[in-house]
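**Q** Residue-level listing of the chains:
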Amino acid sequence: MAQIFPAGSNAVVRAVIVGGPLALCALVGSLYAIEWSPWATRQYAPISQPVPFSHKHHVGQLGIDCRYCHQGVEKSAYAGIPPTETCMTCHSQLYTDQAMLAPVRQSLAENRPIAWNKVHDLPDFVYFNHSIHVNKGMGCTSCHGRENQMQLVWQDQTLYMSWCLQCHRHPENFIADKSQAVNPQRVAAVDDPAKGATHEERITYARQLVKDYHILSSGVLTDCSTCHR
Amino acid sequence: MPGLTQPPPTDAVQKNGANGSHGANGHGPRSPLGYPDRMMGPGETHASVAAKIGDIVLDGKHPKGWWVGFAAAFSLMMVFLFSITYLFYKGVGIWGINIPVAWGFAIVNFVWWIGIGHAGTFISAILLLVFQKWRNSINRFTEAMTLFAVSCAGTFPLLHLGRQWVFYWIVPYPNTMGLWPNFRSPLVWDFFAVSTYFTVSLLFWYVGLIPDLATLRDCTTVRWKQILFGIGALGWRGSAVHWQRYKITYLLLAGLAAPLVLSVHSVVSFDFSVAILPGWHSTIFPPFFVAGAIYSGFAMVLNIIIPVRKIYGLQSYITERTLNNMANIMLVVGLIVAYGYATEAFFAWFSGDQYERFQAFNRAFGPYGWSYWLLILTNVLVPQALWSRTVRTTPWMLFIVALFINVGMWLERFVIVIVSLHRDFTPSAWRMYYPTFWDYATFAGTIGLFFTLLLLFIRFLPMISITEVRELVAEGGSQPIAGPAMPPMFARLADRPGGNVP
Amino acid sequence: MNPALDNDLGPDSPRQLLHGHVAAFDTPEELVAATQKAYAAGYRRMDAYTPIPVDGLAQAMGRGKTVMPLIVLLGGIVGGTSGYFMQWYSMTVDYPYNVGGRPFHSWPMFIPVTFELTVLLAAISGVVGMLYLNGLPRLHHPIFQAPGIERATVDQFFLCIETTDPMWHRDGTRTFLEKELKGHDVAEVER
Amino acid sequence: MSDHSAGTPCHCGASGPCQPPRLDLAALRARLASESGPQYWRSLEAAAETPEFQQWLHREYPAGASEWADGPNRREFLKIMAASIGLAGLAACTRQPQEKMLPYVKQPEDLVQGIQMQYATAMTLGGYATGLLVESHEGRPTKIEGNPDHPMSLGAASVFHQASVLELYDPDRTHTVLRAGETSSWEEFLADLVPALHEQIAKGGAGLRLLTENITSPTLLAQIGELLKKFPQAKWHQYEPWGQEAASQDGPGVPHYDFSKAKVIVALDSDFLSTHPASLAYARQFARGRAAGEGMSRLYVAEPTPTITGSMADHRLACGAGDLAQLATWFGFVVDNRERTPRQETAAWVTAVFADLSANKGAGLVLAGEGQPPLVHRIARRINEECGNVGSTVTYHAPTAASPDLSASSLAALADAMHAGQVELLVQIGGNPAYNAPADLDFAGAMGKVKRHIHHGLFYNETAQRCQWHLPLAHYLESWGDALAFDGTPSIIQPLIEPLYEGRTAYQLLDALIFEQTARSAYDIVRRHWEGAQEGMEAEKTWRKMVHNGFAPPAPVPGGDVSTAVNAMGAPVGSGQAAETGEYEIVFKPDPAVWDGRFSNNGWLQELPKPITKLTWDNAALVSPELAHRMGLNNEDVVELTFKGRSVHAPVWIMPGQAENSVTLHLGYGRTAAGRVGNGQGVNAYALRTSDAMGFGSGLQIKKVEGVTWRLAASQDHHTLAGRDVYRAGTLEEYRKDPAFAPDGSKGEDPARDETLYPPDHTYPGYAWGMSIDLNTCIGCNACVVACQSENNIPIVGKGEVINGREMHWIRVDGYFRGDMDNPEMYHQPVPCMHCENAPCEVVCPVAATVHSPEGLNEQVYNRCIGTRYCSNNCPYKVRRFNFFQWPDNTTLTFKMQRNPDVSVRSRGIMEKCTYCVQRINEAKITSQKEDRKVFDGEIKTACQQTCPTEAIVFGDINDPNSRVSRLKKQPRNYGMLAELNTRPRTTYLARVTNPNPEAAS
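Just so you know, the sequences run in chain order A, B, C and D.
The working numbering puts the first sequence at residues 1 to 229.
The working numbering puts the second sequence at residues 1 to 502.
The working numbering puts the third sequence at residues 1 to 191.
The working numbering puts the fourth sequence at residues 1 to 1002.
The hints are simulated quantities; they were obtained by calculation from the structure and are not laboratory data.
Since the structure is predicted, the reported quantities are computational estimates derived from the model, not experimental observations.
Wrong hints could be hidden among the right ones.
To be verified - Derived lysine-lysine pairs resembling DSSO-like cross-links, with alpha carbons at most 30 angstroms apart:
1) K934/D - K211/A
2) K118/A - K106/D
3) K118/A - K75/A
4) K56/A - K100/D
5) K941/D - K75/A
6) K118/A - K930/D
7) K56/A - K106/D
8) K75/A - K545/D
9) K195/A - K930/D
10) K118/A - K178/A
11) K56/A - K178/A
12) K930/D - K75/A
13) K100/D - K75/A
14) K133/B - K65/C
15) K75/A - K934/D
16) K178/A - K930/D
17) K65/C - K247/B
Stated by the list, open to error - So, partial list: chain A residues that the calculated Cβ filter (under 10 angstroms) puts toward chain C:
18) A2
19) Q3
20) A7
21) G8
22) L165
23) G219
24) T222
25) D223
26) C224
What the hints assert, rightly or not - Chain A is nowhere near these chain D residues, computed Cβ spacing over 10 angstroms in every case:
27) S185
28) A191
29) K263
30) E734
31) D820
Glycine included, each C-beta is placed from N, C-alpha and C at the ideal position.
Isolated chain A, as found in the complex (with noise of 0.2 angstroms):
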């Protein structure tokens, strides 16, 4: 009888039982890459206000303290937005004739809070409390990155829930004097170097830190209802 299939067709096959397993593992490599781009968790990209804020000028350039307008930041677990009379109490007397300036005066005028674009979305089910972070030797940079450098904010982390469980489970890596928590210069103090020449010494005095404020266990720092309720 004849062939039913012509040679051709087992180099076909091979490619076939090759070429199918890679292009699934690419597939799901893929999926991987996006999930961790930034397009998929939102870094990185500055988020446009109906005020062009910039932090860079207002933190960066005159070093006006972060608990100036986010007041809430010590004390609740919101740091807070300001109210437009904060802004107010400057821009009365400064710069009151610029248009970009407009909204703020007409929100006081009109009594309408003014609708910020939020730039940190944490999901609904995640309680996080800036007041114990702040007071335990976190700063905002270990969240919110450099924004005495940013004109308009963007998301510095990815906000995954392994991002936050690296600092729950090794707050050594990430703490610093609380001193320094709203500092905008902030760095870690492994990567301190007043803190030490070497990793191990930097790590030694974190470490120490961890003890002195009493931080607790990661075994408690990575339970469920630590951030979930």
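Model the placement of chains B, C and D on the given structure of chain A, informed by the hints.
**A** Chains B, C and D in isolation, oriented as in the chain A frame:
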């Protein structure tokens, strides 16, 4: 291709129909003990086997029975699709479940289907290992049945989730949350057990199919069929060397499938026995469940092959001997199951534990007592009819008994799941469970899904293993290996120079 | 056929153009007997094509045991160990949490999954290994050109002595098959 | 702070009213995706911006009301929900939309976003104030707790107080002024009112009537005084469907009790633990007196229908309400040794009780219930005097409520005047007489004859619908005000939020009546009244102090007129013979869930399983097993009750412990204009209630209606213990013999830690949270259930779903009966999650959505849960609750305003359960860590513990040997429920100890 459309199948039918009825009235050849002895009707040859079974697939025409069955099954499958659409839209609240009865029909059906799925691998693997040649004529069919039953079963654990769309969290894979499933949970074991079982059964079934596909490839002259079967056969050419590896692999797979089939329903039984609920928390569950699974599996096989062998006139392959043997096995596992019921009751009393005792009492005399006694009737009493040889060898009687057993096994799961849940430790939480329309619809729907797949399988693939049945030809009687008459399908070979016509 | 063809000549010699000679037999017994004869006669590079597995056929061609069991065993070991490791790692190293007061490393509860993965990988490696060693899938093969070979999957038993065998001789082998082995439909199979 | 608390709501008030629950799925999806959880308060303002909100503010019912028409079982509601959640599911696959943040424009100085604040206020029920603390998040009142300093609360709050926060946010409340049902305005109203008033001034107000509910507000009383001065001919009527009138009216004055001194308490049909205006305080005193051991008090109760007071009795007598009068006279007989022949078993009972009373002179206490006629009250006082209890355990006072003549007769007088056409201008503040007036007055009919009837209330109810004018009343959480507590403590009502709708206060309305304009705000009026003589800074100080504390030091309540007390014994009231003549009597009681019907539209209360019966969403004709047997009645059968020629159809509920021939029908159901939740629930008992049978009356006819049944939704089907010792009780005698009678060592309860296959490798070095529940003091009042519901955003599911067994309460109060069916012992057992150390539920969860915290909490991680429900199956206590559908209403913004932002709102397909209020634990832990200290004992109070009137629930750290909870767990009465399963529950119980009278055969 004239060869295929010519009458041989039909005259085969007449022939086999003849000796089929023959056996039925009990005049067939008998073993010394007087049991039907034949694994194959007389006058079969390698070629006739290929012709007979191959034609069911290759022949375009189909018996009315198939069409009727398919129409019914397909419409039921549509019911299934509809009810799960509604389920996704509204939530599991559309079922009768509540607190405390948080598991209802869904889990009952799951366990039932999984049980049915056990016959296939049991027949093809375990019976193979113990050289029960008579299983050759039914293993292909039952393996397919296994696959479809397991598919039906598999849908339920998924559907019964509160949030079906995140079912994949049961699967261990690296994720952005840094979380893993809880490997201590029987449900995770279930996932691994069922998916492994499905994969291995699929492999086993396909490996067995390869040589048959090759046969079909070579028996058809239609180009596209040649190509399709050709691809399916992976270029199988029956080389002696291949056969050598093939056989050993097939045996090894059987060796793997044997413990697997026992483990799967054991794991399913862990869903219950690992829990602390009286009526669930029981050490006899694994063997008890496995026996029950084989019980219902065999019953379902009989319920299907008895009509099928009639419709397709396969009596000469699926002989009384086969039916009789299956009936025997059913009788044995049936007795094991009955023993299980007895043990449960006994240990409830023997344990002295008030909750266990109450549970046992509540099963028999509680608000759901009817289900328990119905279960005893269908699962214990009726099957005793199998002690009678006449029942075992008379298809229609066997069919009815099997039907009872299928109902009974479903009731058993109802009793275990629902009756145990509805009254547990705290009396204040006791409640009744009332299934809703959607409970029934979903169940009926999966039955539709099951038969749709099965009928399609019958239509497009050889439902009996040609290769393995050939090995029975020798036992078909005293016929020479090459049949007396050249099967018409090979007429075209005859006029080839030097074509051998014995 | 082309009379120009002769034994043991250059690139387009029959050895190159032909796959071998094939002969048909009616029963497995005849085939086995024939094969043994051929082996005794010194033929080594041959293969038989049968509709059913024929015991002792491969041995008759001088084949030893296959390595299939070993492959399956390895598959099982890999599956089992990796399965247990996955559970141990995720439950005790990566994210240990207290579940119902059970220890992080509650080994008895890790057994079912370990077992299932053992079986799964063993089975998969078995099937994959078998196909790999058999060189399947292979849709195109010279033997398919042999006349009547389609009955190799129905009711005929074929023996093929291949040209790669040093003892192969175009006429010698053919007569050997016809006369010595009593095979019918002896034919040349082109590559 | 008052300014702020008044100021704070500005921003929220502006955003108040809910958006129409449109079927616009896209919008629903958007909201679902962006607005749930802790951030939603911001989006309220966003909602406030929307135009549809503006227009909706002036609509009677929200758009889409039709989809809601079937109210309580909320089938349509579920459709909408399911659709939206479906879309939310899709949305989950897409990218989250950009979320907005809306900060304040002017932020109140003392407000820090994310930090809750508590403000003192007060709520009146039946006129009497109870001091409350209200939790406020960014200006949204979310939860109500008792004011620990207030004498009538002591930190506790009843179900009604706590649920009133939901009433505030009820979208069915009237939004605007209505003129004959048409949207109108306060301006138009005044324009219409003024000429009418002038008319009245001409005739001295002869045609003017003022109808109010029971009033204790000093300010309001002063205003009414002024009004009556201005209109000498005008009359003021008061009506409370259920009140104290019997006690005060030609009675011996209003008794004030002191249970702390009482050793023998005899309650004659008096449910002082739940229906009394001072019940919270009394419950506390009573519970303290029940401490097992020496000096434990003894409670006798004789009542027609089981109440929670009766359930606490050491000796309970099921006795027809009518027979009680006779029982009382028999007491009188024993007191005066005058001859009379009462029924025998009661004789024995009375003799024993009186013996006990006389044995404890000065430490006894006899109470008569509100439903009982003056005679019984007089006898009660007579006995108290005889046993020297007056002055020690009981004192008699003039009514706290200023009342011209406070009783049904006042309303009767008004009704007559109305029928006679003498009433031209009827101003009604609160109340709903068209629904709850005695049937014989035909008040609704009389209303037809009134020229101008003005109704000022929260809801457009049965009465309002028949009025020319309906004025929206400001909810007490929206308004300034004052009122007296039962003991006369002046309490300040402080608003937590600006009126969501166009509501105004009664003070403003009276201003309008007096000055024909509403210039002054309620704040001015009330403050002005309290400044009184004081001037300037001094006034400011006292006022601020008052507002801050929520009350002022009580002015002594004048003593009552004693003369009526002696010569107590009149002839026994006619109904005394009831049971002998085989007649049936009907007994009316305020409903333990919806009171007199004013809370009918409150979902929390409708779904609250009533004590003893565990019925929800319905009232029923409670009949004794004997009666049911005699008439062949079964639960859910329907009977026709005919009383004085009027009849209703009611479902039957067989009530163990019910007096044989008494049929109890609770008030407050059968509403027709309550709102979408309350309409059409249950039977209207007022249809049978007449002014001469306000509490009970004999001559009831019962006829079974064949072939009809009435599905009732009970949250508990089995009230027998089935021979299981999940609930353990003993007598004081047994306790003396063996204090550890409760824990059962023989069953291997609390097995050693190493009796396990595994090495025990989990220890709890830090905190170890645990709870102790004292069954001896739990009175089954349900306060904990509602507290939990409001704290933890627990949804209601509707009658149909309760029938399906899907109610969501995290803490349930199990009720068990033991002993004789005609007069059983009744047990209450609050069952929250046990937080087992070896939790069966955790092991079986495939995704580790429920795991154990290092502090011993059994955690439920909603966002990880996939809903296998396996955990619930494996929970021996069945405390887990499942969202079978999308229960929480995420479309009605006002409901969203009520939610506690510290607790996730659970969506469809998720398991949930008691968390020990983990949000409170975390808050306290964070605070303590910031201060580098451990959490103090008592710093964390779970919601149920906080509100418990009897302090039966105690939560704390069991690693701290000195914490209250560990001391309680050391008590010999301590036992773990089903502990023999080695679940190691962290919640344990203290067994109940009863104190029966050895002499008395009960």
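**Q** Compare the structure with each hint and give your call.
**A** Against the structure, the hints come out as follows:
1. K934/D - K211/A: 16 angstroms, holds
2. K118/A - K106/D: Roughly 20 angstroms between the alpha carbons, so the hint for K118/A and K106/D holds.
3. K118/A - K75/A: Holds, at about 21 angstroms.
4. K56/A - K100/D: Answer holds: K56/A to K100/D is near 22 angstroms, not above 30 angstroms.
5. K941/D - K75/A: 21 angstroms, holds
6. K118/A - K930/D: Distance of about 27 angstroms is within 30 angstroms: holds.
7. K56/A - K106/D: Measuring from Cα to Cα gives roughly 25 angstroms; hence the hint holds.
8. K75/A - K545/D: 26 angstroms, holds
9. K195/A - K930/D: 25 angstroms, holds
10. K118/A - K178/A: OK: K118/A and K178/A at ~27 angstroms, within 30 angstroms.
11. K56/A - K178/A: Distance of about 23 angstroms is within 30 angstroms: holds.
12. K930/D - K75/A: 9 angstroms, holds
13. K100/D - K75/A: Distance ~23 angstroms between K100/D and K75/A Cα, so the pair holds.
14. K133/B - K65/C: Holds - the C-alpha atoms of K65/C and K133/B are around 25 angstroms apart, at most 30 angstroms.
15. K75/A - K934/D: 18 angstroms, holds
16. K178/A - K930/D: 12 angstroms, holds
17. K65/C - K247/B: With Cα atoms ~12 angstroms apart, K65/C and K247/B stay inside 30 angstroms; holds.
18. A2: Constraint on A2/A satisfied, holds at 7 angstroms.
19. Q3: Hint holds; Q3/A Cβ to chain C Cβ min 5 angstroms, cut 10 angstroms.
20. A7: 5 angstroms, holds
21. G8: Since the shortest Cβ distance to chain C is 8 angstroms, the answer is holds.
22. L165: Holds: closest Cβ of chain C sits about 8 angstroms from L165/A, inside 10 angstroms.
23. G219: 8 angstroms, holds
24. T222: At 7 angstroms from the nearest chain C Cβ, T222/A passes the 10 angstroms test, so the hint holds.
25. D223: 8 angstroms, holds
26. C224: 8 angstroms, holds
27. S185: At roughly 23 angstroms from the nearest Cβ of chain A, S185/D sits farther out than 10 angstroms, so the non-interface label holds.
28. A191: At roughly 30 angstroms from the nearest Cβ of chain A, A191/D sits farther out than 10 angstroms, so the non-interface label holds.
29. K263: At about 46 angstroms from chain A, K263/D clears the 10 angstroms cut-off, so the statement holds.
30. E734: Holds: least Cβ distance 41 angstroms, greater than 10 angstroms.
31. D820: 47 angstroms, holds
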